[in-house]
Amino acid sequence: MAPGLTFTPMDRPPATPDDVARALSDHGYIPDEGLATAIFLAVTLRRPLLLEGEAGVGKTEVAKVLSRWTGGRLIRLQCYEGIDASQAVYDWDYSRQLLHLRAAEASGESRGLGTEALEQQLYDERFLLKRALLEAVSHHDAVPPVLLIDEVDRADDEFEAFLLEVLSEFQVTVPELGRFSVDPQHRPLVVLTSNRTRDVHDALKRRCLYHWVEHPTFEREVGIVRLRVPQVLEPLARQVAAATERLRDLHLYKPPGVAETIDWAQALSALGVSQLDERTVAATLGTVLKYREDQERTRQYGIADLVKQALERGTAS
Amino acid sequence: MTTDAPAERIAVAFARVLRGAGLQVPLGNVLTFVEALGTLDLERRDAVYWAGRTTLVRRPEDHPLYDRAFAVFWERLGATDDADDEQEPLKITLTTDDDEGGDSGEAEASDNPQITLRFSAVETLRNKDFAEYSDDELHQAQAFMHRLRVAGPPRRSFRRRAHRRGRHPDLRRTVRAALRSGGEPIDRRWQEPGERMRRLVLLLDVSGSMEPYARAMLRFVQAAVSGRQRVEAFAIGTRLTRITRELGSRDPDKALALAGQRVHDWSGGTRLGECLREFNDQWGVRGMARGAIVVVLSDGWDRGDPAVLGEQMQRLHRIAHDVVWVNPLKVTPGYAPLARGMAAALPHIDHFVEGHSLEAMERLAATIAGDV
Numbered sequence: 001m002a003p004g005l006t007f008t009p010m011d012r013p014p015a016t017p018d019d020v021a022r023a024l025s026d027h028g029y030i031p032d033e034g035l036a037t038a039i040f041l042a043v044t045l046r047r048p049l050l051l052e053g054e055a056g057v058g059k060t061e062v063a064k065v066l067s068r069w070t071g072g073r074l075i076r077l078q079c080y081e082g083i084d085a086s087q088a089v090y091d092w093d094y095s096r097q098l099l100h101l102r103a104a105e106a107s108g109e110s111r112g113l114g115t116e117a118l119e120q121q122l123y124d125e126r127f128l129l130k131r132a133l134l135e136a137v138s139h140h141d142a143v144p145p146v147l148l149i150d151e152v153d154r155a156d157d158e159f160e161a162f163l164l165e166v167l168s169e170f171q172v173t174v175p176e177l178g179r180f181s182v183d184p185q186h187r188p189l190v191v192l193t194s195n196r197t198r199d200v201h202d203a204l205k206r207r208c209l210y211h212w213v214e215h216p217t218f219e220r221e222v223g224i225v226r227l228r229v230p231q232v233l234e235p236l237a238r239q240v241a242a243a244t245e246r247l248r249d250l251h252l253y254k255p256p257g258v259a260e261t262i263d264w265a266q267a268l269s270a271l272g273v274s275q276l277d278e279r280t281v282a283a284t285l286g287t288v289l290k291y292r293e294d295q296e297r298t299r300q301y302g303i304a305d306l307v308k309q310a311l312e313r314g315t316a317s
Numbered sequence: 318m319t320t321d322a323p324a325e326r327i328a329v330a331f332a333r334v335l336r337g338a339g340l341q342v343p344l345g346n347v348l349t350f351v352e353a354l355g356t357l358d359l360e361r362r363d364a365v366y367w368a369g370r371t372t373l374v375r376r377p378e379d380h381p382l383y384d385r386a387f388a389v390f391w392e393r394l395g396a397t398d399d400a401d402d403e404q405e406p407l408k409i410t411l412t413t414d415d416d417e418g419g420d421s422g423e424a425e426a427s428d429n430p431q432i433t434l435r436f437s438a439v440e441t442l443r444n445k446d447f448a449e450y451s452d453d454e455l456h457q458a459q460a461f462m463h464r465l466r467v468a469g470p471p472r473r474s475f476r477r478r479a480h481r482r483g484r485h486p487d488l489r490r491t492v493r494a495a496l497r498s499g500g501e502p503i504d505r506r507w508q509e510p511g512e513r514m515r516r517l518v519l520l521l522d523v524s525g526s527m528e529p530y531a532r533a534m535l536r537f538v539q540a541a542v543s544g545r546q547r548v549e550a551f552a553i554g555t556r557l558t559r560i561t562r563e564l565g566s567r568d569p570d571k572a573l574a575l576a577g578q579r580v581h582d583w584s585g586g587t588r589l590g591e592c593l594r595e596f597n598d599q600w601g602v603r604g605m606a607r608g609a610i611v612v613v614l615s616d617g618w619d620r621g622d623p624a625v626l627g628e629q630m631q632r633l634h635r636i637a638h639d640v641v642w643v644n645p646l647k648v649t650p651g652y653a654p655l656a657r658g659m660a661a662a663l664p665h666i667d668h669f670v671e672g673h674s675l676e677a678m679e680r681l682a683a684t685i686a687g688d689v
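Protein sequence lines correspond, in order, to chains R and G. Sequential numbering of the first sequence, starting at 1, is according to the working numbering. Sequential numbering of the second sequence, starting at 318, is according to the working numbering.
To be clear, the hints were calculated from the coordinates, so they are not data collected in a lab. We treat Cβ as the ideally placed atom computed from N, Cα and C, and that holds for glycine. Treat the hints with care, as some may be off.
[Said to hold, decoys possible] Sample of chain R residues lacking proximity to chain G, with all beta carbon distances greater than 12 Å (derived):
id	residue
1	Val-182
2	Glu-278
3	Thr-287
4	Arg-299
[As the list claims (entries may be wrong)] Chain R is faced by these chain G residues, among others (derived, beta-carbon under 10 Å):
id	residue
5	Leu-357
6	Ala-364
7	Thr-371
8	Arg-376
9	His-380
10	Val-492
11	Glu-501
12	Asp-504
13	Arg-559
14	Val-602
15	Gly-604
16	Arg-607
All chains, full assembly: derive it from the sequences and hints.
Encoded structure:
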């Protein structure tokens, strides 16, 4: 990879989706045309990007590669059921506040001060614990950070409503301190991901650019394996991609994602394998299929057949 | 695709085509689309295609519609061939509002002699089999079902809430209290784990054999969905259709009509096992059914392989909190779960209940609430 090809969107913004595709593959991610266009628009229009798709198709990875590309720091917010403001936006460091109160009491300082003055001391920025969202809208970085809001479908509706507010204005108010905001040029790049366990609210979707991430095509997956596991040679990469592609058609509970393909290739390379065979596939199936039933189904289908098809498809080009 | 019209006009016209095809396209998104077109090479079909899909479409289900509309609008392909493929949506026949029936405003007005009459009518309806209902009775039953509170038992939530004698110290409120006593934390505050509602998932069999009951049960499902949050509803028949959004409307008639348009396999065949598999794959195991109360409303007649149904019920049972099967045939004298599907599913069910009458539905609501 020639260093001249890499650029950050800050000093040289991408002019076309192709620029984005090139830059991302320089940083270890091969997007298809739809995703490249979506990312291009997110960067150019400075809009949040909502990525939905099966688990393991590389949604979270998009935020990571954006961070590597732009040089902006990655701020990650993992959502879960019951997440609230104190975990997503900010919290006060109560233990330190209490200590501070005790110290003021002990030194006799608090007697001279009124309650109000004491309270002012307590609700100072140094006792503020910034969580991901506040961090993202109050940053002073030269390069805007990348804010990853991961698995937003796991959070509750109320949290989504709050998120909507933050993503429209890019500001957060802390009652005791006032408003934190970031000027439009320094807004973070925002990537939201969802596994679609439930529908994300329409209002939030409207704020975002939307892209449904598919499993990669065969050729793209070969490219991804080659890029991520460079020690694996082309023929094995093709066989692994072919075998995974076949597995995805077997109606498994959890069809393998790109992450599993990469894991598999890594495992095979660690074992010093240069070509798929029945024995190695049987021994390493656990890196690709994480359900007993799925492994069973694959064995019923026939590992010998799987290997045979993978070898055929892997050598044909 | 060369054209002299400015991007705004093209975008607005395209949005109208999409709306005509049944997509919801808010104006804000059209503006974003215009903005996006401004940054792209308009001569490239793919660039325009992806810009539109990224800005105007928000659900993968809408992709085929979008593709068709895109083809029609941007490539001016023959629209007629595509239109033929489109299935004519089946409609549920709904009872039309006759003058004195079903008007909730009227029913709620007090001192109206009609109410007692109406109520006693519901009383006699309570034990009547849904299959023998007239359209009018169905309408009255609907009002009754809306009064049922369909909600699962609460579960412990991640969040804690303030409590007088809790187990965990509440530092936030202790600090607040300490301020009032000059910085001395004399008054300690406590908190307890909070509670949240469990998700409720309703799977309604709409196949031909269920036809006499599905009409009434759909009303039960609608009452549950519109009543509170965290309820999901699906129709199962030859395929799985999510009807949560459609049933969410406050107006039951509108909701039922919308659901009727959405479900294409109304009174068709049954592929329970396949549909359950689709539910598990697409929604359930991914998170929707995890820790939830899952209610299957079906007579258990399955034209598919009973082994598939058994396997899928087992999967569902493993992740759900409670699996309830409502079978309207259970009340039939001498009923034994002989339908092969039903027999395969039985080992993976927590509660097997009746569902043929209003009274049965009332008991179902109690079962869901964990009172049984």
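Indices of hints not satisfied (ascending): 12
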